[in-house]
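Student: Given next are the chains, with one letter for each unit.
Number of protein chains: 2
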Amino acid sequence: MPTAAESSPLIQPIGVDETPRLQPEAKSRRLTSLQERATFTTQPEKARHERFIRESIDLLLKEAVFECSNENSKVLEWRSPNDLAKEIDLKVAAEGETHDKLLQLLSKVVRFSVKTGHPHFVNQLFSSLDPYGLVGQWATDALNGSVYTYEVAPVFTLMEEEVLQSMREILGWCTDGKDEGDSIFCPGGSMANGYAISCARYNAFPQVKTQGLHGLPRLSLFTSEDAHYSVCKMASLLGLGSDSVHLVKCNSKGQMDANHLEDSIQASLNSGEMPFMVSATAGTTVIGAFDPLPRIADICDKYKLWFHVDAAWGGGALISKKHRHLLSGIERADSVTWNPHKLLSAPQQCSTFHVRKGKGTKEAPGILSATHSTSATYLFQKDKFYDTNLDTGDKHVQCGRRPDVMKFWFMWKAKGTNGLEKHIDTVFENAAYFTEQIRKREGFKLVVEEPECTNVCFWYIPPSLRGKEDTDGYTEKLHKVAPKIKERMMRNGTMMITYQPQGTLPNFFRLVIQNSSLTHVDMDFFITEIERLGKDL
Amino acid sequence: MPTAAESSPLIQPIGVDETPRLQPEAKSRRLTSLQERATFTTQPEKARHERFIRESIDLLLKEAVFECSNENSKVLEWRSPNDLAKEIDLKVAAEGETHDKLLQLLSKVVRFSVKTGHPHFVNQLFSSLDPYGLVGQWATDALNGSVYTYEVAPVFTLMEEEVLQSMREILGWCTDGKDEGDSIFCPGGSMANGYAISCARYNAFPQVKTQGLHGLPRLSLFTSEDAHYSVCKMASLLGLGSDSVHLVKCNSKGQMDANHLEDSIQASLNSGEMPFMVSATAGTTVIGAFDPLPRIADICDKYKLWFHVDAAWGGGALISKKHRHLLSGIERADSVTWNPHKLLSAPQQCSTFHVRKGKGTKEAPGILSATHSTSATYLFQKDKFYDTNLDTGDKHVQCGRRPDVMKFWFMWKAKGTNGLEKHIDTVFENAAYFTEQIRKREGFKLVVEEPECTNVCFWYIPPSLRGKEDTDGYTEKLHKVAPKIKERMMRNGTMMITYQPQGTLPNFFRLVIQNSSLTHVDMDFFITEIERLGKDL
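Same order as they appear, the protein sequences are chains A and B.
Residues 1 to 537 (the working numbering) are what the first sequence spells out, left to right.
Residues 1001 to 1537 (the working numbering) are what the second sequence spells out, left to right.
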């Protein structure tokens, strides 16, 4: 069998024969019509490529898509890095491989990858594999586009505007049919939080864009100690330094303490700093807490600070009439991070950033443009024959940008807002059921008595440690329980749940539910499985 | 027909029935084995989802993948934004749509999207649709992963290390089998250039990470006037301000003038600034020029500046023995941006950033970690049971991150390095042929006589303007020719090529070739088609 390289040495558009469509002696011929070209296209290579693609799809559907949602299969087949390197021939080489070998490799990639769509993958703030999301993603890939100008991405550009506007409506920003907002897709929630800091800083000091921070007073911003690490990371990247981020204390539920926020702002002012922003969190990463947005909004009003809400995780709850009260006050935010790939289960990666008053006018561009545009003339020409307001790329810090909208739009079209709402209500109901089971089950203890979101944090206390809370070394011993159980479940492949310490608390488990096909049976399974794996510790 | 919402109201993993697997009366039952679960799974919903997915795939293969590589088809079917909004029902609504309606929508999305895989799409620094790249991309989607820890992405983590190390070898950084480098995948070349500035700045002033720029002297960096706009954009984002970027003059070939670079550094020093970095370009965006890397490396040595090379576009030429001389000197770079989705034709988006001395040790982390890590304990736990050196996420400014490696790895496996080399040699040969035709064809004029890369810039001068170079208004008239031809080709859908002004030069066309299935016939077609569309202007 010829290797793929021999038979297809070039990077080709699919369906175009590798043999030159034009023989050398014909090269000097000028062709006047496209029709004439067709005679040079042969079919065998197209057929060979199509066969390979279809075989690959069959493999993916069977071994990745449907298998991963089968609860009788394993979440993962664990191999250490060294062993995994022996299982899959990852090395690239001078010569290409045959189609048969490529299919074998593909199968191995699937086999040893973690099945994030498996019902028992509750390890991260994403999971499940939505059929409509998958089709949307595959369509995106087949079209292989980049979104920056309307001319190159007409459909995706309009689709982004439609989806983002609908999200702003859900945020409560479009009153009386008026929409003053602006939004973008970002490569992840961390970047979205970076955009927030960038916009807030420009809002306070527009000269930063050209002159930088040099000569400005020391700027400061505020977020809770339980907020996502990206706030500090982005403050570093943006030249503010992580010290510019003041971490506000949380109460026992993991919510930002608004009194301490105001104290912190005062202390910062007293030390000569220039506060410019508060980043509240709607759904913290570990505990799932919602900061008191109305209180924080009041404080931001009082001190004239940019009010950002990182709702990367909790934003999806806005779609539910029953649960959107958790984010009450978000309608007052200056900007919001919201990742549909988290609670709404869109495929990876789908992150959005919204600015409430961001629209701008012809004369005065909105803040995303004002902060980030450089008006490169090779891409954003102003003498195009269409309205270049839809050449939206210059609002972004990326240039080429993968369309992340299609998967989410297609899901939304398929289910409707009502379907998305049912999804949210189901995952919250399952989390409540799980919490209730944990609360009454011997050997389990909740970290926060009343979890607000669908992450539930808890300890499993093996029989050997029960009733010994007051003995020496108890905390150290409990700290080692979760890692050991995690190791066992990884080696067994039966489920994946994460653990972490927080503050002075020893390692505890965090269950995350955003897969609405799970049932109470799954919730019971998680408990039983952790008991099974840990009871001898 | 039921709507998708009615029959599948929840976001589900594929193949899991919407009807609860467990009846209410059974909810209190505890299941002790996974096997017992299987009885609750029914098949009809899985079959319905699989049918829909397969119908979608058939549609995508026919209408997007194979049609787009057919030169008898249109590159695009132009609609103005208003007309396009009428053609596709983009609005999301309370209720979901039927599968039939969803397939119709999918077909419209494909129909009105630009076919970037079409042989006559030469509009951007990317094009074509590689069959192996597409399969790799679809596999990535089916696995729906995120890369930050080995436990969640074991295969993709090792695959990234393998591909990135092979790229460093090609950069000439692994002499005597020693590899001191480190690399990451980034969401685009702009972000990669941002990483370069961030690392260079940390290298000069590590305190920036915590303390920020406050109190530091004014920093400065240098790039050419033809460099990509992301250098300025990222300098703004990073708090340095766009004024901190000194634009060095280019010679008539579009290459950075090394003498002017040194003058600029001196002037910056004299004005009290602190230069810390030069960003050279290997393949400029418009002209395709390669800056004189060895000269720039010498200057960086002399002034102790970080030497970055933005080879986002030109990097692919390193794979060709015939053309890698263009990047001679890159082996001395401190960091490099290199996008396989450009010259190497990997699918969107595949961007990499490399640091030559970045590896670090257990005691002293490499510069990517040192600059960006925050050691979040909920994700990067140190008490895991495996070697956490492979939990590479903390080197990134993103948290969740789509795996962009699989598509490129799979292509590389399929073709081998030799296949990639043939690809590069072919696109360069086509560019040389096109240049030669333009040079001798009446009415065409090259912007740069000897293009270095596969972008070829030229004017088309319609008969009405020929011989009138010295008359009043000639330049203004010529400036309007390219936009008019572009409009006509968009409305005809026969090809897509971009145009832009540069400096004082009026609008000119930029042809970009990175699709190696094109032949001289296509090159001739581009010329004939531009003549056809513009001869009456």
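These are computed hints drawn from the structure, not numbers from a lab.
Note that the coordinates shown come from a computational prediction; the quantities given were computed from them, not determined experimentally.
Ideal placement from N, C-alpha and C gives every residue a C-beta, glycine not left out.
Hints are not guaranteed to be accurate.
Derived PhoX-like pairs: lysine-lysine, alpha-carbon spacing no greater than 25 Å straight-line [what the hints assert, rightly or not]:
| id | chain 1 | residue 1 | chain 2 | residue 2 |
| --- | --- | --- | --- | --- |
| 1 | B | K1062 | A | K422 |
| 2 | B | K1046 | A | K86 |
| 3 | A | K321 | A | K484 |
| 4 | B | K1046 | A | K74 |
| 5 | B | K1062 | B | K1074 |
| 6 | A | K91 | B | K1422 |
| 7 | A | K321 | A | K178 |
| 8 | B | K1382 | A | K484 |
So, partial list: chain B residues that the calculated Cβ filter (under 10 Å) puts toward chain A [what the hints assert, rightly or not]:
| id | residue |
| --- | --- |
| 9 | S1056 |
| 10 | L1059 |
| 11 | H1099 |
| 12 | C1174 |
| 13 | Y1202 |
| 14 | S1373 |
| 15 | K1407 |
| 16 | A1414 |
| 17 | V1448 |
| 18 | E1449 |
| 19 | S1464 |
| 20 | L1465 |
| 21 | G1473 |
| 22 | Y1474 |
| 23 | R1491 |
| 24 | L1537 |
Student: Sort out which numbered hints this structure fails and list those numbers smallest first.
Tutor: Violated hints: 1, 2, 3, 12, 17, 18, 19, 20, 21, 22 and 24; rest satisfied.
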